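*Asks:* Residue numbers (the numbering used here): 1 to 258.
Source of the hints: derived by calculation from the structure; they are not laboratory data.
Note that the structure is a prediction, hence the values are computed from the model and not measured.
Each residue gets a CB set at the ideal place from its N, CA and C atoms; glycine is no exception.
Just to be clear, a hint being listed does not mean it is correct.
Derived Cβ-Cβ restraints for the label pairs, each shown as a range [to be verified]: (1) G152 to L39: 47 to 57 Å; (2) D25 to D203: 15 to 25 Å; (3) F144 to L39: 39 to 49 Å; (4) T195 to A96: 17 to 27 Å; (5) D146 to D25: 21 to 31 Å; (6) D224 to Q174: 52 to 62 Å; (7) A35 to R177: 26 to 36 Å; (8) L28 to G152: 49 to 59 Å; (9) E150 to A96: 32 to 42 Å; (10) D203 to G54: 27 to 37 Å; (11) D224 to L153: 44 to 54 Å; (12) K33 to G65: 20 to 30 Å; (13) A249 to N192: 30 to 40 Å; (14) Q200 to D41: 15 to 25 Å.
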Amino acid sequence: MRYFFPNRKQTACPLRIQLFGAQADRLLPEIKKHASLTLVDKEPEIIVCYGGDGTLLDAELRWPGLPKVPVLNSQRGHRCIPHPAKEVIERLAQHALVCNNYTKLECAIYHYDNPEPDCLVMALNEFSVHMGYINSAVRFRLWFDDIPYENGLEILGDGFVVSTPFGSTAYYNQITRGVFTHGIGVAFKYTNEHTNHIVQSDDIVTRVEITRGPAVLAFDSSRDYFDLDTGDTLIIRKYPQDALLLTCAPVTRLDEPF
Numbered sequence: 001m002r003y004f005f006p007n008r009k010q011t012a013c014p015l016r017i018q019l020f021g022a023q024a025d026r027l028l029p030e031i032k033k034h035a036s037l038t039l040v041d042k043e044p045e046i047i048v049c050y051g052g053d054g055t056l057l058d059a060e061l062r063w064p065g066l067p068k069v070p071v072l073n074s075q076r077g078h079r080c081i082p083h084p085a086k087e088v089i090e091r092l093a094q095h096a097l098v099c100n101n102y103t104k105l106e107c108a109i110y111h112y113d114n115p116e117p118d119c120l121v122m123a124l125n126e127f128s129v130h131m132g133y134i135n136s137a138v139r140f141r142l143w144f145d146d147i148p149y150e151n152g153l154e155i156l157g158d159g160f161v162v163s164t165p166f167g168s169t170a171y172y173n174q175i176t177r178g179v180f181t182h183g184i185g186v187a188f189k190y191t192n193e194h195t196n197h198i199v200q201s202d203d204i205v206t207r208v209e210i211t212r213g214p215a216v217l218a219f220d221s222s223r224d225y226f227d228l229d230t231g232d233t234l235i236i237r238k239y240p241q242d243a244l245l246l247t248c249a250p251v252t253r254l255d256e257p258f
């Protein structure tokens, strides 16, 4: 199976490659072996990530939507290609990698005194909301397509996670001990609610109101955090553009690396 760019003319022009990762320079000798690849510092067509899962998430934050080749250089990289780097680069040069699409999420943040969203952020793994003080729980309510969860039940606890299927093997799995392959998952962090997770179809819009703060919103591996307080609202939905990961073979099981 060969991968071709849907919007790229198949010419003799080499693929424009940008390396990413703390030790990505180690891949330079392999890439320079192939005339069909050229290294660039701007306007790349493909990002080759050399590291672990965090490196891949960082790359998607920096270059959203561009195809990523996640080459493993970590003992804990579950979402990176375990094949030798030489083999991965060779397949890339031959257009012989497989393209896999992964759902992303977007989150609009509304502060209680502003009818317009203050910020819009995207995530490949998940959005995670946690209590702002270690000794004070956060309270919140949920709506799915404007239908209140449990008749408007106020949930009290450490917070919650809204996850994609890709992210369901990460923090979501630590909370629920489960994964899912389709839809959007919401997992509750040590709350008074008996149910610890919900999985909805990916066309559902999730709305969350913080009924007592403070709380903090984090997403993927971003160093940016957003403070939330009483009355703030999050609206989370499927992002229209998928993440594109190039792998050596089709990905068929969530509990196996690429």
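*Asks:* State for each hint whether it applies.
*Replies:* Cross-check of the supplied hints:
| no. | hint | result |
| --- | --- | --- |
| 1 | G152 to L39: 47 to 57 Å | holds (55 Å) |
| 2 | D25 to D203: 15 to 25 Å | violated (43 Å) |
| 3 | F144 to L39: 39 to 49 Å | holds (46 Å) |
| 4 | T195 to A96: 17 to 27 Å | violated (45 Å) |
| 5 | D146 to D25: 21 to 31 Å | violated (51 Å) |
| 6 | D224 to Q174: 52 to 62 Å | violated (22 Å) |
| 7 | A35 to R177: 26 to 36 Å | violated (49 Å) |
| 8 | L28 to G152: 49 to 59 Å | holds (57 Å) |
| 9 | E150 to A96: 32 to 42 Å | violated (50 Å) |
| 10 | D203 to G54: 27 to 37 Å | holds (30 Å) |
| 11 | D224 to L153: 44 to 54 Å | violated (31 Å) |
| 12 | K33 to G65: 20 to 30 Å | holds (28 Å) |
| 13 | A249 to N192: 30 to 40 Å | violated (44 Å) |
| 14 | Q200 to D41: 15 to 25 Å | violated (41 Å) |
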